[in-house]
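**Q** These are the residues of each chain, in order.
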Amino acid sequence: MPKDSGIGASSKRREDVRFLTGAGNYTDDINVHGQAYVHFLRSDIAHGRINSIDTSAAEGMPGVVKVFTGKDFEGVGGMPCGWEVTDRHGAPMQEPPHPILAQGKVRHVGDPIAAVVADSLEQARDAAEAIEVDIAELPAVMNMKAAAQEGATLIHDDLKNNICYDWHLGEEDNDKVNEVFANAAHVTTLDLVNNRLVANPMEPRVAVAEYSRGTEDYTLYTTSQNPHVIRLLMCAFVLGLPEHKVRVVAPDVGGGFGTKIFHYAEEAFCTFAAKACNRPVKWTSSRSEAFMSDAHGRDHVSTIELALDAENNFVGLRTNTYANLGAYLSTFSSSVPTWLHGTLMAGNYKTPVIQVNVKAMFTNTVPVDAYRGAGRPEATYQLERVIDKAARELGVDPIALRRQNFITQFPYDTPVALTYDTGDYNGTMDKLEAAADLAGFAARRSASEAKGKLRGLGINCYIEACGIAPSNIVGMLGARAGLYDAATVRVNATGSISVMVGAHSHGQGHETAFPQVVADMIGIDESMVEIVHGDTSKIPFGMGTYGSRSLAVCGSAMVKATEKVIDKAKKIAAHLLEASEADIELKDGQFSVAGTDKSVAWGDVTLTAYVPHNFPLEVEPGLEETAFYDPANFTFPAGAYACEVEVDPETGQVTIEAFTAADDFGNIVNPMIVDGQVHGGIGQGIGQALLENCAYDENGQLLSASYMDYAMPRADDLPFYAVDHSSQTPCTHNPLGVKGCGEAGAIGSPPAVVNAVLDALNSGGKAVDHIDMPMSPSRVWTAMHG
Amino acid sequence: MTQVSMTVNGKAVSGDVEGRTLLSSFLRDQLSLTGTHVGCDTAQCGACVVHVNGEAIKSCNMLALEADGADVGTIEGQAAEDGTLNVIQQAFQDHHGLQCGFCTPGMVMSAAALLKDNPRPTEGEIRKYLEGNLCRCTGYHNIVKAIMAASGQDVSSIAAE
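Residue numbers (the numbering used here), protein chains in the order written: chain A, 526 to 1311; chain B, 195 to 355.
Here chain A stands alone, though its shape is the one from the complex (with noise of 0.2 Å):
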C-alpha cells in the first residue's frame, strides 16, 4: 500500500503553490534600491591578441557609472578551479589564469573583454557598443587531436602545450594489456563522439550585488547551486574578502543540471563592481550570453575496445579519450573526463582488465564543466554502445551477454578504484523485461513494418556514482574541497521544526522530501517541518546540490541531527516522566516509558526546552542540534533501460515509441519525485541522442547560439515513460538506504536510443554500425543511403 505521509509517501510539493501563482523570488526578480546594471561586451574572436581598448567614447555616454576592462582587475585573482589532477607522470595538471575580464588575449567567443555598468541596462548595451577593441586575430584552436599535436598554436603562452592533463586509470602496464587483446577470441572496436551540450537550465545565469561602506559588508544574490561554496572560492582565491563579511544567496533557482555549480566571473564582477561604483549592481544573462558563457557538457572524442573470451566473457577494456576543456580550466572541470569517468568504465560488469587514457584539451571553445551525469553518460555511452556492437558481431541477444557478464557478488573492487557496496542487476534486468514488455517487441516490429516503418529495440545497463566521498579521498585524487554536507535541526517551543540544509533545491523538492524524513523520525505531521536553504547566513556551511548527493550526504546530516534532537528530547522526557532514559520511547510524536501508559506529547517537551523550569540539571536549555556527515563511500545507483523506436526510412526521422526505465535507486523517500526526476534525466538524454549539438565553425564562431539553432527537446519530440524502481537494493552505509536518482535518465538513455535506433536499421538489412548522436534524421539517412 503507498503510504500517505513520511518516507516512501508520494507527498504533493508545498513548494508548487509559489511557483504555480507567480510568487517565486528567483534572482531576477530581485531589485536592490538604487541598483545600477552591467552589460558585458564580449569577444566576437575566438582567439586573439589585444591590442588596446577604448572605452573613452563609452565612458562619456548618457547614464555610464563606470567602465571596466581587464586592467581594474590586475592583482586581483583569477577564477579557481577546485580539482587538481596528477597526470600519468605524477606531474599536476597545466592549470592556466583564467581572468575576471579578459587580460591580454581572448579565448573563445564570449570571453568578457569589458563591462559597462550604467543606470540603466539599455544605456549599459549602448554604451558597450561605443567600446573600440583592437584585436589582432590569431588561429583557433578547435580539433582536440590537431591541438594536441607538437607545433600547435598555443592558447596560454605560458602553457608548455595544449595539453591540460595526459591521464592514465587501471592496469598500468601496457604489455599486459596489449596480451589480453592478443589472446582474445573476439575483439570490437568502436570510434564515438559524446557530442557537446549545453545544459540550459530554463533560468538564465543572473547576480545582484551589493555593498554597505558603513558595515562594509556584501550581499551577492546568485543562481546557483551552492551558495556556500560560491562564497569559499570568491572571498578566498578570487577577491579576497573576508568570508563573515559576505552573505551569498541562491534564492529560487530555475534548474541547474550542473552548470549552476560552477562560480562565474560574471558573480564576482558584480560584487566588486558594487564596491568599486559603491551601488549595487545587477546582471541578468540573456540567453545567447548564457550559450557564450555558461559552461558546457560533455564533447569527448573516444575510441573503446572490448575483449572477449571464446566464451563471450568480457577479458578486457581499453579506452582512449580526449575530452575538451574548453580555454580555461571551469570550477570543477578536471575532474570530470577523469575521476567521474574513467572510474565508471566497469559498468555493471565483471571486467578483469581496464585501462583508460585520457588527454585533456584546451581549445577555443567556451569551459566544458559538470553536466548532469557528468563524465558518467559519457563512460556509459562508451561501454554500452561497444558491448551492443560486441553482441551484434557475435550474433548474440544483447540483454544475454550483459547478464553474462554482471557483477552479482557485492562488495566488489572494480579495476578502476571504485567498490560497489550493493546491487541486483539481474533483477532489476528482470524488471526490465518485464515493464518494457519485450517479449511483445516482434509483434510491435511486425506492426511497424506493416506500416512501412523499421523498428527497433535499444537496451541499456547503467551504473551510476553519486554523492561523491569520502572527503580524505577524494582529497588524495586532487579534490580542492570536501565533500561533506550538513544540517541544522532547530526545533522551535511550540514543536515545530526549521532544518537548516547545506544542499540547494532548484527542481529536486527538497522542500517536501526532505521534511518526510523528519516527520517519520519523530511521528510528527509534515506541515511541521520546514527546510530553509540557499542563504548562507542562514544555513550551516555545506557543499550545495549535485551529483544526485542531496539526500543521500545532506539528508543523512539531516537525520543524525535528527537523531542528536530526539535523544536530548528523550532526557528530557525521561526527567518530566521521571523515568530512566533508557526506558523512553518515541512513538508518533509521543514520549512513553516502555511497559507502561505513562506518555509525554513532543510539544510539551520542547516546550519544556525553552521555558526550562521543570528540567533536568545536566541537560542545557533549548532543542537544536547540528551535524556534519562525510559519507563512507559514493552510492551506485544502477539500472536498465529499453527504448524503442521507429525510423522512417524515407526520410531518416526517429520517433521515439517507448521508453521504459528500471532503475535501483535503493530506498526511497517520495517516489513522485523521483519519477519526476527519471523523467526529466531522459528527456535530456533523448535530446543528446536525437536533437540537441552545440557546434562551433573551424573559426571558433558558436553557430547554436540561441534556441533558433540548438534543439531543445519540446514536448512533441518526447513520449510518455515507464518507470519502475521496485528493485531496491539499499546503500549499506548511509541512515537512509537511499543511493540517488537525479542523473540516472540522463547517463542511461542516450546508448538506449542509439542502439535502438542502429537495431532499426540493422532490421531493416542495412549493416550500420554507429551513427554519431545527434541521429538528425539526415545523419540516420546518410547511414542508411551511404
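Warning: the hint list may mix true and false statements.
Computed footprint of chain A on chain B; a stretch qualifies when at least three of its residues, placed anywhere within it, have a C-beta under 8 Å from a C-beta of chain A [claimed, not checked]:
| # | region |
| --- | --- |
| 1 | 231–239 |
| 2 | 245–258 |
| 3 | 262–276 |
| 4 | 285–291 |
| 5 | 324–330 |
Bear in mind the hints are in silico, worked out from the structure with no lab data behind them.
Note that this is a predicted model, so its numbers are computed, not measured.
Glycine residues also receive a C-beta, built at the ideal position from the N, C-alpha and C atoms.
Since the structure of chain A is provided, determine the placement of chain B on it from the hints.
**A** Chain B only, in chain A's frame:
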C-alpha cells in the same frame, strides 16, 4: 516616454514606457508582476506567455505600447482571490507537472489557452500545442498528464505516480 494604459488581471494600470519597452519588461519591472519569466531572446521558450485579449502571446515579443488598451492576464491572476488554485494549477501540483518552476507560469497560461479552445485535447494535441513552451526539468511527461487531467480525462493508466 509614452503613457500606456491597460487592464492587468482585472485592474486598470498605466505607466510610462519607451518605444522599445517589451510587454514582459513592463509587467516585471513597472508592475512588479515577476511571475512572468524571460528565458530566451528569441520567442522560443514560452516562459513569458500571458493572455492578451484572451489569446496566449509571448510577452517578450510584444511591445508594451502594442498592449495599450488591452485586457492582459498573467499567472498572478489565475488563482482565486482567496488563493485557491484553479483547475490547471491544481492539476500541475497533483501530477508533479513542475520542478524548478521557471517555465511553469508560461505552461499554465498556455494550457489555459489550449483548454479554452479545445476542452478535451488528446495527448498529441497537447504536445503539439506546447511546441512554444520549453521545459528542461520534467521531460514533459507530467505536464502533458496534468493538462489531460485538468481537462477531466482519466490519466490513471498513464505510467508513474
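**Q** Compare the structure with each hint and give your call.
**A** Each hint, compared with the structure:
With a threshold of 8 Å between beta carbons, the proposed coverage of the region 231–239 of chain B by chain A holds, since 8 of its residues qualify and at least three are required. With 0 residues carrying a beta carbon less than 8 Å from a beta carbon of chain A, the region 245–258 of chain B misses the three-residue requirement, and the given coverage is violated. By the rule of at least three residues with a Cβ nearer than 8 Å to a Cβ of chain A, the coverage given for the region 262–276 of chain B holds, with 5 such residues. Counting residues of the region 285–291 of chain B whose beta carbon lies closer than 8 Å to any beta carbon of chain A gives 4, which meets the minimum of three for the stated coverage.
For the region 324–330 of chain B, the stated coverage by chain A holds: 6 residues have a C-beta nearer than 8 Å to a C-beta of that chain, and at least 3 were required.
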